[in-house]
Amino acid sequence: MQRFESGAIIDGFELVERLASGGMASLWRANSPQFDFPLVLKVPFLDPGGDVSVILGFEAEELILRRLSGPHVPRFVASGSLSQIPFIAMEFVAGTSLAQLISNAPLPADEVARVGSEIAKALAALHRQKVVHLDLKPENVVLAERGAVLLDFGLARHAELPDLLGAESSVPMGSAAYIAPEQVLGERGDPASDLFALGCILYQLTTGEEPFGRPATFAGMKRRLYHAPRPPRDLNGTIPRWLEAIILRCMEVDRSKRYVDAAHVLSDLRNPDQVVVTGHLSRSKGIWATILGLFRKTDERSLVGMPADPRLQAGPSIVLVAVDLANGNDPLAQEVLGETARVLGSREDSWLACVTVLKTEIIGDTLAVDESGRSEYLKRLVALKDWSRPLHLPEDRISYHVLEAVSPADAILNYAEHNDVGHIIVGARASSAIRRHLGSVSTKVVAQALCSVSVVRLKAIEEQGRQHSEDRRPAAISPLVREQSID
Amino acid sequence: MRIAILSDIHSNREALDAVLEVVGERGWDELVLLGDLVGYGPDPVYAVETAADLVDRGAFCVMGNHDEAIAFNKGGLTENARIAASWTRERLTSAHVDFLARLPVSLTSEGRQYVHASAERPGKWLYIRDVDSAERCLSSSAARFVFCGHTHIPAIYYALPGRRPICFQPLANVAAPLSAVGRLVVNVGAVGQPRDGNPAACLALVDTQRHEVSMIRVPYDYEETARKIADFGLPAWLGTRLKIGR
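Chains as they are written, first to last, in the working numbering: chain A, 1 to 487; chain B, 1 to 246.
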């Protein structure tokens, strides 16, 4: 095996300093005149007769990293071929390693929620690029200024690439402390596996303990299919119930009960008041069921449930509906409700955020309290809940938000981006002089949203409005005017 | 280097034209026809003459089992194929038959072996449908990559050191890596009679710089091909299967 010293040059990259690394590769801080940002070179340990999975992991990581982009992964720079000197050159990400942070656990709940939402956001970005990490652990997360950055894609899986590592592996691949139960059984490719690992990390951050320890054997790793860890609040009574509920839902063995979307975890961590607290893991089924279970031979595959993927593809996970209730539950609000029901119908586990905006004149304006003593805010909240009632969504699929803002469009866009919303539904009113002058909410939302937007109109009224405006204006001008006023 | 690989044209003029248009747009440094130029379809003369023209322009072409059956009047075909083969023979001149008869069963270029069916006894037309047959194909070949057709279903088998090969279903129009550590069997699907449920014609494009192979799917007017099949009185199933890709 080749050994390198500081100062050695590989393909134009100068090795500066060796960094701590795992057993598969050496890591070097490196420089190159071609790149004006700090670099890392990852050089796999390729011993003749050594473990073939090192080569395969190297190739898999190279294939995946070069396809990834965005702030939550290190930038891929170059790679060296296996026939010469194999290496992967990538950006060096400055920041705090989660491993360092977790050594100070238990941490306060708000700190755990903040770190957890950073990781969830990074996972959402990764999963959107069709990649599952499959080895999420504190050592592989850097908390940088730009957010959480995920490292080491040596065990990762890209949905559109062959799984070079997956075939015939009798040993589960992953880290014993964080590996998901379906991964223990050899399944590689479900984004929900990363959410299980995130749950283990959150568990450790709140309690200071790893939920399953670090079993060294296959049987030891399999224990997590049958035995739930101690609930976090048993270890630390100060942990809020909502945080425990999020952690336990990440760590559900049965994937039909686990979160399927990182965006959903993110949203729950950021909106604790929306989290439905149901109690312990659904596996705690009573002493008799447990005893009976010992005598029944269960199919392990059935315990982990179906992969999340088909559900992920069925439709958006989080739908935001912005409804204007200033004029009460008017025909447009009802039309918006109908469209919302159709979008939600595409996916049975989708989640709806109902948003209405209370316009304030200046930022920080306090809202007037009307004569009956109820604030406008509460009135709108009640109206919003009443509006959504015909959808008959259970409380864990719906949340209500009365946002106070100067610009309703900005408030909607901010909420959508912050919570990784997958689809926005917004109503558009017929054109009016003011709207033509100021621009409409829906126009701005459509122009600036990062996701798909459904704009809902009342057809009949639109047609009447057009007829009406044509009556009043010269025909040659009206199409132009209408174009400007599209809501 | 850009390599375009076409297999199982099966006398399908509409599919061949559509695929060659794509190949022409993208350009090629090596063009390979993996056999079964004829059989099943209604335009054998056009298929043979187009292939001969491409060979004149530097393309490689190997023989398929239908080419052999038609050139040498051999049996071993299914009933529909046999009916189509005898119909085809009546259409071809001796020059066409001669072109088919002279095709080699295997060609090798820079570490790439081209065969119609399998590198394991190429003239026996063995099907590569699973990991075992892919492994036998590779152990019969000295080449790093074996490209084949015959099954009409695109597939890539990655044989990695010390492991059994992995079968991968390449996605339409998404590049798959040519592994740097393994050996590969690449089934390039069929131009003229796809059977993977997607009726669009299939060809493979290899980019040796990027170490990638892509299965390009090209929609074509299969209604027209099916109409000709019906008009010539060829078995109806041969037209139907073009529409459903089976």
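The set of hints was computed from the structure by calculation and includes no laboratory data.
Be careful, since some hints might not be right.
As the list claims (entries may be wrong) - Just so you have them, the derived chain A footprint on chain B, three or more residues with Cβ under 8 Å: (1) 43–56; (2) 141–149; (3) 153–162.
Stated by the list, open to error - One-sided and incomplete, this derived list gives chain A residues near chain B with beta-carbon spacing under 8 Å: (4) Glu5; (5) Ile9; (6) Asp11; (7) Val54; (8) Ile55; (9) Leu63; (10) Val77; (11) Ser81; (12) Ile85; (13) Pro162; (14) Asp163; (15) Leu164.
We put the beta carbon where it would ideally sit given N, CA and C, even for glycine.
Go through the hint on A/Ile85 and say holds or violated, using the shortest Cβ distance to chain B against 8 Å. violated (13 Å)
Hint validity - A/Ile55 Cβ closer than 8 Å to any chain B Cβ: holds (5 Å)
Is the hint on A/Pro162 kept, meaning its closest Cβ partner in chain B is under 8 Å away? Holds, because the Cβ-Cβ distance from A/Pro162 to chain B comes to roughly 4 Å (cut-off 8 Å).
Mind taking a look at whether chain A covers the region 153–162 of chain B? Criterion is 3 or more residues with CB to CB distance under 8 Å. holds (count 5)
For the restraint on A/Asp11, tell me whether the closest CB of chain B is nearer than 8 Å. violated (15 Å)
Interface hint check: A/Ile9, Cβ to nearest Cβ on chain B, cutoff 8 Å. Holds or violated? Not OK, violated: A/Ile9 not within 8 Å of chain B, min 22 Å.
For the restraint on A/Leu63, tell me whether the closest CB of chain B is nearer than 8 Å. The hint holds - A/Leu63 has a Cβ within 8 Å of chain B, the shortest such distance being about 5 Å.
Please verify the coverage claim for the region 141–149 of chain B: does it have three or more residues whose C-beta sits within 8 Å of some C-beta in chain A? The restraint on the region 141–149 of chain B is violated, since only 0 of its residues have a Cβ under 8 Å from chain A and three are required.
Should the hint that A/Val77 touches chain B count as held when the rule is a Cβ pair under 8 Å? Where the cut-off is 8 Å and the nearest Cβ of chain B is about 17 Å from A/Val77, the hint is violated.
Tell me if A/Ser81 is really an interface residue toward chain B, meaning its C-beta lies closer than 8 Å to one of theirs. holds (6 Å)
Is the interface hint satisfied for A/Val54? The criterion is a beta-carbon contact with chain B at less than 8 Å. violated (10 Å)
Verify this for me: three or more residues of the region 43–56 of chain B with a beta carbon less than 8 Å from a beta carbon of chain A. Our answer is that it is violated, as 0 residues pass the Cβ test (under 8 Å) against chain A, missing three.
Violation of the numbered hints given earlier is confined to hints 1, 2, 4, 5, 6, 7, 10 and 12; the remaining hints are satisfied by the structure.
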